[in-house]
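Peer 1: With chain A's structure known, arrange chain B on it following the hints.
If you're matching them up, the sequences are chains A and B in order.
As numbered in my numbering, the first sequence has no gaps in its residue numbers, which increase by one up to the final residue, 778.
As numbered in my numbering, the second sequence has no gaps in its residue numbers, which increase by one up to the final residue, 1221.
None of these hints come from the bench; they were simulated from the model.
It is possible that part of the hints are untrue.
Here are some, though not all, of the chain B residues that point toward chain A, as calculated from beta-carbon distances under 10 Å [said to hold, decoys possible]: (1) Phe-1078; (2) Ser-1104; (3) Lys-1105; (4) Lys-1107; (5) Leu-1132; (6) Pro-1178; (7) Trp-1210.
Once the Cα atoms are required to be at most 27 Å apart in a straight line, the calculated DSS-like pairs of lysine-lysine come out as [claimed, not checked]: (8) B:Lys-1105 to A:Lys-88; (9) B:Lys-1172 to B:Lys-1105; (10) B:Lys-1105 to A:Lys-200; (11) B:Lys-1087 to B:Lys-1126; (12) B:Lys-1172 to A:Lys-71; (13) A:Lys-71 to B:Lys-1105; (14) A:Lys-536 to A:Lys-772; (15) A:Lys-536 to A:Lys-578.
Keep in mind that this is a model prediction, so the values were computed, not measured.
Cβ atoms here follow ideal geometry from the backbone N, Cα and C, with glycine treated the same way.
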Amino acid sequence: MAMRFQSKLTLVYLALFLVVQGVVILSINRYVTENVREQIAGQLDASSRTIARLIRDRNDILGTRAQDLSKDFGFRQAVATLDDATIKSALANLIDRSDLDIAFVVDLDGQLIGSVGDMAVTDNATLLSDELIEAAEEQGVAARFIESNGELFEVVIAPVFAPVTIGWVGLGFQLDREIAIEFKELSPVAIDVAFIFGDKGQPELSAATTNVQDLAEFLAENPQVGLETEYESVFVDQDYMFRRVPLVSEFSQGRQMDALVYYSVDVGLQAFQSLIVTLLSILVVGLLLLILGSVAVSRGVTRPLRYIANAADRISRGEYIKVDAPSEDIEFARLSNSFNHMIEGIRDREASIRYHANHDIDTGLPNRNWFEEQISPSIDTKKPFSIAILELQGIADMRTVLTHDHINELVRSIAERLETVNVQYLARLSTETFVFAQFGEDDDDISAAMIINGFIDPFSAGTVMVDVRAFMGLTKFPADGDNLTTLLRRANAALDTSRTSAKSYAWYDRERDTAKQDHLSMMSDLRDGIKNEEVKFAYQPKLDLSTGKIASAEALVRWISPTRGFVAPDDFIPLAEKTGDVRYLTDWALKEAISQIAKWRGDGIDIMVAVNLSTNDLMNTNLPGAVLTLLTEYSVPPSSLKLEVTESAVMNDMSRALDVLNMLSSMGVVLSIDDYGTGYSSLSYIKELPVREIKIDKSFILKLAEDDEDKILVRSTIELAHNLGMEVTAEGVEDEQSVDLLREYGCDTLQGYHICRPVPVEEFEAFLKSHKENSQNI
Amino acid sequence: MRMTLRKILGVMVTLGTLSSFLASAAVAGNLIVSVSNKKGESLENAVVMLTPQFTLSTPVVAADSPEMRQEGALFSPFVLPVKVGTKVSFPNFDEFRHHVYSFSKTKRFELRLYGKDETNFITFEKPGIVALGCNIHDNMLSYIYVTEAPIMKKTDANGTATLTDLEPGQYKMEIWHPGVKRKGMPTPKIITIADGNRSESGQLDLRRVWGIQTQPAEGQY
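Bound conformation, chain A alone (with noise of 0.2 Å):
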């Protein structure tokens, strides 16, 4: 469980309080516990010598009392002649002088010659045995308890002499409550005494000081009382100590006569409470003292300590505020300094880290972070302004010629150029990149055209000036997004666009923008439509001269999208070359084109026909076995398939697209030439390739009829193309004066609208019957 120093200092110390209080205590009532009860011990044996001494002295003086009697000569005279009423007015005298009982005299046979007191007693057998007479006979005088009817009395008995013993004089006292007051008087404590009898170890109570019925119930439940000279038990709820004292010789013939004598130990004690009481009054003062004093001094610390946590919590949320030291002890004065100079190490660490965040280790230049972090509260605040991207050209290939530390001194000389203008919030973006923000109300183009203009003159790099060109991308905020990541993102597309632009700087163009994003869904939805089947091939039929016959057809893909409708190849071929996804359409159109071929086969039309392949087809290594593949699996003759490639797809990279050819020409597919004439168009690098055609751009054929240069390019074309070993074909043959000049020329076949348009597989067979059966007419 978590808990307040504070408290746990407070709770040490009062179990420590405690702890030595209780012990004192405990010792100190265990001290007066037994000091207590060695007194009472002490008490009750004293009082217990007392009372044997008190009975002897008792006894010696009944004795005299007797012995005087038994030797008055009066006294004599009357027990010796029998005199009743002097014996008795004596006996009387007697009593009343020495408070006793009983008095009694008998004759020498046990006759009673006169007795005064109680006769209950002085009838009794028992009063006078053999025993007693012969005690008194040899003594002079003895003494006994004796017991009668619960009664318990004490008797001396004397001789009397006249001179010779002619019987014995008895003087008695009963062992009554007020006996018992008298002992409980003579002794210091009050102890009690009481006088029991009975059978060994069956005491029964004959008197008391105390309650004799409750005394006599005790004795019931503790008949060990007869039987021990000391004893302890609860008595009417209290500890009593017991100490007896045997009056007769000691269970003689199985009887007992005691006096006992007890003391409560409680009441001994009840003289001590007031020490106890005052004990656990100084222990609950003591703790009050402790707990207030305690929870001063845990204040005097924990005070400190909160006002260090509380420091400790400002430092969390990023106030360095420097801490007094809370307290004058040294301790506090120290950690105060200690944590003084925390704040500041963490300070300082701090501003490096934000340093490196927010700058370019390189250049010491401001970052993107530092740049977001400026730009953040113009943007919250909706205030206009505009980014600007800025890409320096040749970074990367002056690496070659500078060393990391000029171009570091270069960028920050571009930078240092840069800050002349206005601009604000100039940081580093990545290596070629800068960004700034501008505000303001001049002429946009005119601050773009400026720092443009800024990289006219060269730059100092260490020892050399180097000539860097810049191009940068604009956009302004809020018009072209409302967050940062927006705005460098379109300022990006801006760079894009001004790389382009002979201005070297380019605003966000949005509606450009969306064009490029309509690219990119448009070749999403193309993929989607060659698996649709959405894309399928148009067939041009390709009408041979030297025959007459369609030999051959020329694929052209066609797209019908069902969202876009007719796409035009020109809309999407070259932006499928441009983003790979032409591989597609080429895997798509081999496939249909070849499989086309066997069916065609197997219906008994034996027709070449005729695929695009794309630059990027070219540099594919694998498309020969691609092809192999297909053919091997249709069961096609590579002599079926023919593969059109461009001047410029095959100039890109002619090495590698030679490898590609010559593997496809070995294979024995034909390779032909498109668009001839539209690029270097110089057959000298042609007759290189495996070509076994070449196809002329219709852009020279559309008008031939017309146009004389046209006629003498093609003538000559042709004749060169036959001279290398090539066949000739003329593509967008429109009319008949087209067709009758090409055939004058030796053009091999014939493609164009005037023979026929691409049309759908099912018009290409129609036609091709229909054509068969003219050409059979003709």
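Peer 2: Chain B alone, transformed into the frame defined by chain A:
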């Protein structure tokens, strides 16, 4: 009680044997009687009495005015056997007075406070024991044994009483001692005295405690 009877029987048998022996003697005989207690210890101050069972040729003359002296706060003698009718004198040899008394039934008297060289006389007419005391000096005690027997003798310190010049014949022999139990008196026995010495012995059953005269405490009187 059984023990006591046996002892008494023993005494009787012994006495019987003695009498037959004495009968054979002639002219005059002597009787030596040894008295002891039951422990066999010799008893002093035992009184041996003989009563002839015949008429003596020469009657015994009783001693005239025997003395019971008071001397040194003591009675002397301690035991004084006298014949019935004897007048006993009580001379005081002390510097101080005595108050001699007797509460005995045999003879009750009081000799109130008499001084030095004063002598009182008391005649004892009845047989029996007379215990004498002094009201002033509790230690003083003596016995006067009044008997009908004409011949009497106290045993000496050795417990022996020698009776001489006895006329032969039958005698009743009785023995008394102040300490004898009240009911322990031996039965009188008839013995025969003949010429020569004859010895008798007797045992008495004494009380454990019996009145004796003690010396006065030193310097007390």
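Peer 1: Decide, hint by hint, whether the structure agrees.
Peer 2: Verification of the hints:
{"no.": "1", "hint": "Phe-1078", "in the structure": "violated, 12 Å"}
{"no.": "2", "hint": "Ser-1104", "in the structure": "holds, 8 Å"}
{"no.": "3", "hint": "Lys-1105", "in the structure": "holds, 9 Å"}
{"no.": "4", "hint": "Lys-1107", "in the structure": "violated, 12 Å"}
{"no.": "5", "hint": "Leu-1132", "in the structure": "holds, 7 Å"}
{"no.": "6", "hint": "Pro-1178", "in the structure": "holds, 8 Å"}
{"no.": "7", "hint": "Trp-1210", "in the structure": "holds, 8 Å"}
{"no.": "8", "hint": "B:Lys-1105 to A:Lys-88", "in the structure": "holds, 22 Å"}
{"no.": "9", "hint": "B:Lys-1172 to B:Lys-1105", "in the structure": "holds, 25 Å"}
{"no.": "10", "hint": "B:Lys-1105 to A:Lys-200", "in the structure": "violated, 48 Å"}
{"no.": "11", "hint": "B:Lys-1087 to B:Lys-1126", "in the structure": "holds, 12 Å"}
{"no.": "12", "hint": "B:Lys-1172 to A:Lys-71", "in the structure": "violated, 39 Å"}
{"no.": "13", "hint": "A:Lys-71 to B:Lys-1105", "in the structure": "holds, 19 Å"}
{"no.": "14", "hint": "A:Lys-536 to A:Lys-772", "in the structure": "holds, 25 Å"}
{"no.": "15", "hint": "A:Lys-536 to A:Lys-578", "in the structure": "holds, 21 Å"}
Hint check: violations occur at hints 1, 4, 10 and 12; the rest are consistent with the structure.
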